[in-house]
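**Q** Protein chains in written order, with the numbering used here: chain R, 26 to 279; chain L, 30 to 260; chain U, -4 to 282.
Take these hints with a grain of salt, some might be off.
To spell it out: a stretch of chain R is covered by chain L in this simulated footprint if at least three of its residues, at any positions, have a beta carbon under 8 Å from a beta carbon of chain L; those stretches are [unchecked claim]:
(1) 57 to 65
(2) 85 to 94
(3) 161 to 168
(4) 204 to 217
Derived EDC-like pairs: lysine to aspartate or glutamate, alpha-carbon spacing no greater than 20 Å straight-line [stated by the list, open to error]:
(5) R:Lys174 <-> U:Glu280
(6) L:Lys44 <-> R:Glu173
(7) R:Lys174 <-> U:Asp210
(8) L:Lys142 <-> L:Asp128
(9) R:Lys174 <-> U:Asp117
(10) L:Lys44 <-> R:Glu182
(11) L:Lys142 <-> L:Asp208
(12) L:Lys44 <-> R:Asp169
(13) R:Lys228 <-> R:Glu160
(14) R:Lys174 <-> R:Glu197
(15) L:Lys44 <-> R:Asp118
(16) R:Lys174 <-> R:Asp214
(17) R:Lys174 <-> U:Asp162
(18) L:Lys142 <-> L:Glu155
(19) R:Lys174 <-> L:Glu113
Simulated from the structure, these hints should not be mistaken for laboratory data. Quantities reported herein were computed from a predicted structural model and do not represent experimental measurements. For glycine and all other residues, C-beta sits at the position ideal for the given N, C-alpha and C.
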Amino acid sequence: MSAYLEVSGVNQRFGGLQALNDCGFAIAQGGITCMVGPNGAGKTTIFNVITGFLRPDTGHVAFRGRRLDGLRPQAIVAAGIARSFQNLRLFVDLTALENVLIGLPSGFGEAPLGALFRPFHTARLDRARRAQAMERLEHVGLADRAAEKVRNLSYGEQKLLTVARLLATGAELLLLDEPASGLAAGALDQVMALLRRLQGEGKTLLVVEHNTRVVQQIADHVLFLHQGHLMAEGTPAQIIADPALAEIYFGGAL
Amino acid sequence: MILELAGVAAGYGSKTVVSDLSFGVEPGQIVALLGHNGAGKTTTLKTVMGLIAPRAGEVRFDGQALGRMPVAERVARGIRLLPEGRGIFPDLTVAENIDVVAARTGAQGAMLKPADVYALFPVLDERRATRSGSMSGGQQQMLAFGLAILGTPRCLMLDEPSIGLQPNLVERLFGQVRDVCRAHGMAALLVEQNVAAAMGLADRVVIMNNGRIVFEGLPEEARASNVWHYF
Amino acid sequence: MDYFYSYLILAEIYVLLGLSTNLLVGVVGIFSVSQAAVFGVGAYIVSDFLLSGTLSFLPALAVAAVACIVLNVLLTLPSLRVSGDYFVVTSFGIQLLATAVFTNWTGGTGGANGLPGVPPPDLFGFPLEETRQILGFTTVAAGLGCLAFWLAMRAPYGRLLKAIREDELAVAAAGKDVLRAKVSAAALAGAFAGVAGGVYATYMSFIDPSSFDLDASVLLLTMVVVGGARTLAGSIVGPFVLLALPQLLQLVAIPTTVAASARQLLYGVLLIAFAVFRPQGLAGERL
Ligand SMILES: Nc1ncnc2c1ncn2[C@@H]1O[C@H](COP(=O)(O)OP(=O)(O)OP(=O)(O)O)[C@@H](O)[C@H]1O
Ligand SMILES: [Mg+2]
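Chain R on its own, in the form it takes in the complex:
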């Protein structure tokens, strides 16, 4: 039986730096997997590989038994995998609602001919899409900020918005790069509850996170990446209790 997502033998060099070194792991469907590891361990790089932003020197990614090698990012989103960015990458001059609208799967009126020659049809369908996008904003508790330009949103609101935009893609496997960092306790609880809810709705999540408390609370399974290689995996308790990992990563209690 093949795993839901399977990464195997991925190597990636940047100049003299081996960013990913025979990196391999598998993820089961329906859970929340947290990926932890020191800064520069290659977490974001493996995200880039899985989502088609980076073609690795060697190695493979398979999703539901299908090889994704060489596919472009949009094909990978269509296959059901979407990702968020550590540095958010929101469209700051657009409104919150417009950001989510961009996340929705392509629809009518997104190519010029449809937009120009069937304006009423376009407008009608766009209204429906706006309603859909609004639901996504409600999902993350940002409905009242829909018409605000993103540059005027607080950092916490922007973080929530990246999740809303990600959700809009409809992808079933969501890769989140530090969705909780920089959030106040209230917003943090909100994000964690949201991630749990998404799991309940049938999504599978792979989350990069440095906050040990968050990992403990949400992870079903933890992958520990070190120097581009999967160094350990297990339950949160197993990983946190491992003295070798505490030495290179966790340190004392914070």
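Starting from the structure of chain R, add chains L and U with the ligands where the hints point.
**A** Coordinates of chains L and U with the ligands only, in the frame set by chain R:
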């Protein structure tokens, strides 16, 4: 008081985001400025740095009102900010980043020199020749912190320094801030969402809610009183 | 009165060009300085067909539009590979190359002497000879152009283009085909410029390379900056204001020998002044 805010209000466009802010930081003291996302913490720091002008009230540094003093002048006097997002030059190498800032902030008799930054984060030493924008998120944050403390900071403002850092490095960074404050009398104003860690480090706590100060006191007092609903 | 009409006609033609430039530069962020070259190709194609009598006006205009669509897509392709600053350089080179071709390919363009005697536009066999008739035609053409721009901008398509300008990578991560969107925008901009070229040639009845050179491209950019990026209003206001200025210059008695350089000087000053003091232009957003 090295830094003092008296009745400060500030905002963007037609919107006033913070108002009636009054608090101060003593030399050697660490003040944690806490509050929910959007409470106005970053706006407060930007106002002190001179990136936005106060609409009311006054910011005083070393007993002197700063008025409309330009940012560069504030930096020269020792006010430093680790900005939200990343304050680095992404197209320069790590070493170039550090050298540029070290040269600007007084190499002669500086309190903190490039060597101190490299000692604090050895990975920066290993990666001196790397284009800083190609480093990982956490590595860029380390560099940004290094740039903020280079030279002789007298009042260091940190806007969420722990974002993206692995746990043991957060401890090291906080430890460094404490050591420099104790040893050199530097004042620090720390904005941080890791409230427990920030309260552990700070001498005083200021809590903001919707642009206003709702609590000011010792960390113990904060822990004992009912402030948690503000986050 | 004719004088005023001719100002209106030219301004309306430049509205089409302003839309074209604004779409590419303002909305998508492809910083092209060679839109005048595409404008020129449209003008020469229509002129050549009409002068040789092979096609009448409307079919010739359609051919010019298609040719400029293809051309503009080809010209903007480098923007997919090289980033911002380098594309400007590429585009600059393309504009110089085009001017060289316009000036030296005497067979197709009449070279530096230009093409005189381009017949007036005609609609289904009815020649538009009076200025007022041409004004009616350009008004309809500019109106249709504005409508198309407005429809495109308020549709999901416009939103997608604006998002691409801000962050291509994030658009790709949302599962969108960035390449296709950019190519289609270049095509749309090409069609606008080609049509504008054809109308311009038939109205002026004489064209030469000086209308399609680097100065002309810079004028188009100035129109976007002064009018304002990304808005319909900005694309309309820019041409009307900038074409009115030379007329105003004529009111102050300046010898004709320096009039041309005075105009360039004025455009340059305006470009700088707006970029510094009012980056959103008269009726738009920041470039
Ligand atoms: N485009 C690139 N060019 C050169 N080096 C790169 C590039 N991208 C990543 N690297 C290097 O690869 C290593 C892994 O980076 P990556 O961003 O994957 O780390 P990470 O695990 O996400 O770390 P963090 O927790 O700090 O975000 C780092 O040393 C980084 O400097
Ligand atoms: Mg990362």
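**Q** Each hint: holds or not?
**A** Results of checking the hints against the structure:
1. 57 to 65: Holds: 4 residues of the region 57 to 65 of chain R have a Cβ under 8 Å from chain L.
2. 85 to 94: violated (count 0)
3. 161 to 168: violated (count 0)
4. 204 to 217: Holds, because 8 residues of the region 204 to 217 of chain R bring their Cβ atoms closer than 8 Å to Cβ atoms of chain L.
5. R:Lys174 <-> U:Glu280: Holds, at about 14 Å.
6. L:Lys44 <-> R:Glu173: holds, 13 Å
7. R:Lys174 <-> U:Asp210: Given pair Lys174 (chain R), Asp210 (chain U) is violated - Cα atoms ~37 Å apart, limit 20 Å.
8. L:Lys142 <-> L:Asp128: Holds, at roughly 10 Å.
9. R:Lys174 <-> U:Asp117: The hint is violated at about 48 Å.
10. L:Lys44 <-> R:Glu182: Satisfied, since the Cα-Cα distance of roughly 18 Å is no more than 20 Å.
11. L:Lys142 <-> L:Asp208: With Cα atoms ~15 Å apart, Lys142 (chain L) and Asp208 (chain L) stay inside 20 Å; holds.
12. L:Lys44 <-> R:Asp169: holds, 17 Å
13. R:Lys228 <-> R:Glu160: holds, 17 Å
14. R:Lys174 <-> R:Glu197: violated, 28 Å
15. L:Lys44 <-> R:Asp118: Within the cut-off at roughly 18 Å; holds.
16. R:Lys174 <-> R:Asp214: Roughly 25 Å separates the two Cα atoms, so the pair is violated.
17. R:Lys174 <-> U:Asp162: holds, 15 Å
18. L:Lys142 <-> L:Glu155: Holds, at roughly 17 Å.
19. R:Lys174 <-> L:Glu113: The hint holds at about 19 Å.
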